[in-house]
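Peer 1: The listed protein sequences derive, respectively, from chains Z and Y. One point on numbering: in the numbering used here, the residue at position 18 of the first sequence is 18, and numbering is uninterrupted. One point on numbering: in the numbering used here, the residue at position 32 of the second sequence is 32, and numbering is uninterrupted.
Bear in mind the hints are in silico, worked out from the structure with no lab data behind them. Any given hint could turn out to be false.
Pairs of lysine-lysine, DSS-like flavour, derived with a Cα cap of 27 Å [what the hints assert, rightly or not]: (1) 93(Y) to 51(Z); (2) 93(Y) to 26(Y); (3) 27(Z) to 71(Z); (4) 93(Y) to 44(Z); (5) 44(Z) to 70(Y); (6) 51(Z) to 62(Z); (7) 70(Y) to 56(Y); (8) 26(Y) to 44(Z); (9) 93(Y) to 62(Z); (10) 69(Y) to 56(Y); (11) 51(Z) to 27(Z); (12) 70(Y) to 26(Y); (13) 70(Y) to 93(Y); (14) 44(Z) to 69(Y); (15) 56(Y) to 93(Y).
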Amino acid sequence: NAGVMQNPRHLVRRRGQEARLRCSPMKGHSHVYWYRQLPEEGLKFMVYLQKENIIDESGMPKERFSAEFPKEGPSILRIQQVVRGDSAAYFCASSPRTSGQGIYGYTFGSGTRLTVV
Amino acid sequence: SQQGEEDPQALSIQEGENATMNCSYKTSINNLQWYRQNSGRGLVHLILIRSNEREKHSGRLRVTLDTSKKSSSLLITASRAADTASYFCATSKETSGSRLTFGEGTQLTVNP
Chain Z
1 NAGVMQNPRH LVRRRGQEAR LRCSPMKGHS HVYWYRQLPE EGLKFMVYLQ
51 KENIIDESGM PKERFSAEFP KEGPSILRIQ QVVRGDSAAY FCASSPRTSG
101 QGIYGYTFGS GTRLTVV
Chain Y
1 SQQGEEDPQA LSIQEGENAT MNCSYKTSIN NLQWYRQNSG RGLVHLILIR
51 SNEREKHSGR LRVTLDTSKK SSSLLITASR AADTASYFCA TSKETSGSRL
101 TFGEGTQLTV NP
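Kindly generate the complete structure, drawing on both the sequences and the hints.
Peer 2: Printed below as a string of C-alpha cells:
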C-alpha cells in the first residue's frame, strides 16, 4: 500500500513560468490537503479538497494559485507566473475520511521542493 | 504569536536522555497531533490526542494535554541518535473541519 505520492520531488522554474505539483493520496483516502513550508518554518495550510470539490481554500493566495482534485487522477496544485517568493516545499497529505473534526492523523507525502530562479 | 507554538526552538541532548518538548495554542481544539520531520523529508505522524484525553502513550512517546492551560508536551524517553529531527505540534479546531495549524517546530539533536 503505497503512501502519499508527490511528484516531482524537485522542481525548478524561472520567474513567470507555471509550476504544476501532483499528489496521489493513499489508496482509500478521499481527502487531500496541501501545505506550504518555508525554510526553518512550520507548515502553513493552503487548501483542503475532496474528489471534485474544494472544501476549504482559505489558505490559498488569492491570485496565481489554484488546486483541483478530479474524479480520476491526482490532485494538482498549480502556480501560475511563479515568483521567487513561491520557493518553498509543498506538502500534500491525505486522510481516509473525517467526522468533520479531524480524528485521524494525516499521511504526508515527501513533498515537492520548488525553486524559482 | 501563532497557534501551536513549540518550546524550545532547539534542544540538544545525549543519547539515552529524555527529551521534552512543549506546545502552546490559543483557541479551542478538537485534537492535537505531533509530527516528526527529518531534514528534507515529509512529516511522519507520531500521535494524536483528543481534547477529552489527558495523556497518551505510544512506545517511547508520551503526550500530555492540558486544555485549561492550552498546552501539550511530548516526551521521548531513552532517546536515540535516530530521534534527531524537527518535531511539530498541530492542532485541529472544533469548527474548522480537518484543517491543521502547525507550530514552528522544535529541532531535536540527539548526540551519540
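Peer 1: Now tell me, hint by hint, if it's right for this structure.
Peer 2: For each hint, the structure was consulted:
| no. | hint | result |
| --- | --- | --- |
| 1 | 93(Y) to 51(Z) | holds (23 Å) |
| 2 | 93(Y) to 26(Y) | holds (10 Å) |
| 3 | 27(Z) to 71(Z) | holds (14 Å) |
| 4 | 93(Y) to 44(Z) | holds (15 Å) |
| 5 | 44(Z) to 70(Y) | holds (20 Å) |
| 6 | 51(Z) to 62(Z) | holds (22 Å) |
| 7 | 70(Y) to 56(Y) | holds (16 Å) |
| 8 | 26(Y) to 44(Z) | holds (16 Å) |
| 9 | 93(Y) to 62(Z) | holds (23 Å) |
| 10 | 69(Y) to 56(Y) | holds (17 Å) |
| 11 | 51(Z) to 27(Z) | holds (13 Å) |
| 12 | 70(Y) to 26(Y) | holds (7 Å) |
| 13 | 70(Y) to 93(Y) | holds (12 Å) |
| 14 | 44(Z) to 69(Y) | holds (24 Å) |
| 15 | 56(Y) to 93(Y) | holds (19 Å) |
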